[in-house]
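This note's numbering applies: residue 305 is where the sequence shown begins, and numbers increase by one.
No lab work stands behind these hints: they were computed from the structure.
Please note that the accuracy of each hint is not assured.
[Said to hold, decoys possible] FRET-style restraints, in silico, Cβ to Cβ: (1) Gln600 - Thr452: 26 to 32 Å; (2) Asp364 - Lys752: 29 to 35 Å; (3) Asn497 - Thr452: 23 to 29 Å; (4) Asn319 - Lys773: 24 to 30 Å; (5) Asp364 - Asp764: 20 to 26 Å; (6) Thr894 - Glu805: 51 to 57 Å; (7) Asp364 - Gly868: 45 to 51 Å; (8) Glu789 - Pro648: 24 to 30 Å; (9) Ile839 - Leu929: 43 to 49 Å; (10) Asp631 - Gly679: 31 to 37 Å; (11) Ile839 - Asp364: 37 to 43 Å.
[Unchecked claim] Below, simulated DSBU-like cross-link-like pairs (lysine-lysine); rule was C-alpha separation at most 30 Å, straight line: (12) Lys903 - Lys931; (13) Lys752 - Lys727; (14) Lys825 - Lys360; (15) Lys509 - Lys703; (16) Lys583 - Lys752.
What you are looking at is a predicted structure, and each value in this text was computed from that prediction instead of being measured.
Glycine included, every Cβ here is placed at the ideal spot set by N, Cα and C.
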Amino acid sequence: RYSVALKGNECIKANALSCGQCIQVGAKCGWCTDTEFLKQGEPTSARCDELESLKKRGCDKIENPHGSQRILKNKAVTNRKKGAEKLRPEDITQIQPQKLSLNLRSGEPQNIKLRFKRAEDYPIDLYYLMDLSYSMKDDLENVKNLGTSLMKEMSKITSDFRIGFGSFVEKTVMPYISTTPAKLLNPCTGDQNCTSPFSYKNVLKLTSNGQQFNSLVGQQQISGNLDSPEGGFDAIMQVAVCGVSGIVLPNDGKCHLENNMYTMSHYYDYPSIAHLVQKLSENNIQTIFAVTEEFQPVYKELKNLIPKSAVGTLSANSSNVINLIVDAYNSLSSEVILENSKLPEGVTITYQSRCKNGVVNEGENGRKCSNISIGDEVSFNINITAQGCPKQGKPESIKIKPLGFTEEVEILLNFICECECHKHGIKNSDMCHNGNGTFECGACRCNKGRVGRQCECRKDEVSTEDLDKNCRKDNGTDICSNNGECVCGTCECKKRDNPEERYSGKFCECDNFNCDRSNNKLCGGHGRCECRVCICDANYTGSACDCSLDTSTCLASNKQICNGRGNCECGTCRCTDPKFQGPTCEICPTCPGVCTEHKSCVQCRAFGTGEKKDTCERDCSYFNLIKVKDRDKLPQPVQAFPLMHCKERDANDCWFYYTYAVNNTEKEVHVVDALECPAGPDIIPIVAGVVTGIVLIGLALLLIWKLLMIIHDRREFAKFEKEKMNAKWDTGENPIYKSAVTTVINPKYEGK
């Protein structure tokens, strides 16, 4: 809508007074035929609008004709094989379809698809046009045997080949040749015997007899002239228009051969290149320029001006002419270029080619495809568009053809200039103020000299003081509230560029775009503007329709409206309990359990720990987190919104501090970014103390053990002494004692 408002609506701007005028404006325009469609103050032209706009305005009877196409001739492309039955050129089909009929709606393109398939064994006609000025003497000798040699070479390409021959020199007037009687008989110098100069001569029409070509060409003689030969264009023109393939007056592009000689070279000027291109195209002729190296730059420039032409480098004596012709033909025949005839006024055409290997070309390159081999098929998408209708409104026709080929596609163009409902119009209808117009397509088309919605006024009485009084509201000074014109005593309101915006009312005092807005939308997007007052949709109220009567947005999770702690106003809860907040009065930042509820999310958001550290991003993005350096920086409770101070302990017995608050609908958490953890024990003293304690305990135990042993030993000794003193000892022998039985003395022993 925004872009439409900037650019304007062409349908509205056209001020179309009939359905026929409306549909000619563009393809987007439609005409409302509903007799009750127009509001008071709207002119007849308001029936013409864009289709979507008409539907939004309530019209369900829209005239919107569309173009169409019909194929009239669709002969399949020829699959001819070399050596098969000989066909006439007109019986060979390379392009399909051949004839169509289009019905064109203004601004609506019709797309047609053409197929082109290069046929095998396609007929070839070669007309050899030679410069016979004296400088070409040695070339003529080589050309005299060209016929049979060329026929043999071309038979490799096609079995249907014809050849012809013509020659040219120059216009037979000064300053191109010498007109003295002797020079007219023999223009060459010295003892050279040359034929009289001539402009163009047809020596041999197209024939399939190569020997005849050799024979007639062998009889040709060199001639002469004064300047560089320029008679070539005259010759090409005559070849093109004569069916063999002054000079102050422009060339007329007609045939002037008598006895095979061009007779008007002294009367008509050389043809222009554009004229030559036209005639070559009309007669399906492709030109090959065989010129020596020194003339290559000139003829290459000429090639760029003549479509489907080629330039070959000719040796000094024309010995390579056969190879040159074959190569040039292969180059030309491998490219197809589409050309159309002159288009009717207001009709445009665009091309898109789909060539080999999926190559797609558009624009001017969309007319052609290159590197096409025999049997290859390419296609062209062609869009034909009409803007408006021709003045005569009669059918037209155009032709599209591939350059250099005899085939063409004929396209008949019919223009949709009137709506279907036009056929059912009632002339001199009573609905048009006593028969002053034709009632058609839901409106009056006034007779000549009549104006007004019902043709109620004559043109000469449109603006009179008496009629203008009827267009002033409350006898004021403004005619039609300065928003329209007074026509026949009735206000016809102005149109605006944006089709969505309209003036209406008996005095054009109303409009549908100056109502209250909400959220930058007219009537809040929940109503329509009528006469500068919003008419709200169901369940909406207010001057800008911005107050919703729907209470579903106020339902809390417990299915109570505003959680039973507020009132639903315009679809929004107004909490009556100051402790509760949120869209449904369910949030209580200072209620018990708030700290525990948000503990896990604060942990994962602030410190990357806690139960929800793995699902933090998913589960804990419902509040804004703000970190502070210490507890003194935490916000303090204010009257504007409640705030809860929290102190929680994590799994490591560390404390963290934060506040939780709801500011309007925003939830905010301020957290101290450093944990408070209990100080750990001093390990070294503890270890030293433990070791020392163990050593001391060990020593103490040893001392105690030693002391106990000493006490025990003393007690035992004392006991022994006591028993010793109390014992009564008796002397005697042990009754079981026995002395030694035997005493042995070594006999050697001497007792020394």
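Here's how the hints hold up against the structure:
1. Gln600 - Thr452: 26 to 32 Å: Holds, since Gln600 and Thr452 (Cβ atoms, about 29 Å apart) stay within the stated range.
2. Asp364 - Lys752: 29 to 35 Å: For Asp364 and Lys752 the Cβ distance comes to about 33 Å; the hint holds.
3. Asn497 - Thr452: 23 to 29 Å: Roughly 27 Å apart at Cβ, these two residues keep to the hinted range, so it holds.
4. Asn319 - Lys773: 24 to 30 Å: Holds: the Cβ-Cβ distance is about 26 Å, inside 24 to 30 Å.
5. Asp364 - Asp764: 20 to 26 Å: violated (39 Å)
6. Thr894 - Glu805: 51 to 57 Å: The hinted range 51 to 57 Å holds for Thr894 and Glu805, with Cβ atoms some 52 Å apart.
7. Asp364 - Gly868: 45 to 51 Å: Check passed, 48 Å falls within 45 to 51 Å.
8. Glu789 - Pro648: 24 to 30 Å: The hinted range 24 to 30 Å is violated for Glu789 and Pro648, with Cβ atoms some 37 Å apart.
9. Ile839 - Leu929: 43 to 49 Å: For Leu929 against Ile839, whose Cβ atoms are near 46 Å apart, the range 43 to 49 Å holds.
10. Asp631 - Gly679: 31 to 37 Å: violated (21 Å)
11. Ile839 - Asp364: 37 to 43 Å: Given range 37 to 43 Å: violated, Cβ gap about 20 Å.
12. Lys903 - Lys931: holds (15 Å)
13. Lys752 - Lys727: Within the cut-off at roughly 20 Å; holds.
14. Lys825 - Lys360: Holds, because 17 Å separates the two Cα atoms, which is no more than 30 Å.
15. Lys509 - Lys703: holds (29 Å)
16. Lys583 - Lys752: Since the Cα atoms of Lys583 and Lys752 sit roughly 48 Å apart, the hinted pair is violated (cutoff 30 Å).
The structure shown violates the earlier hints numbered 5, 8, 10, 11, 16.
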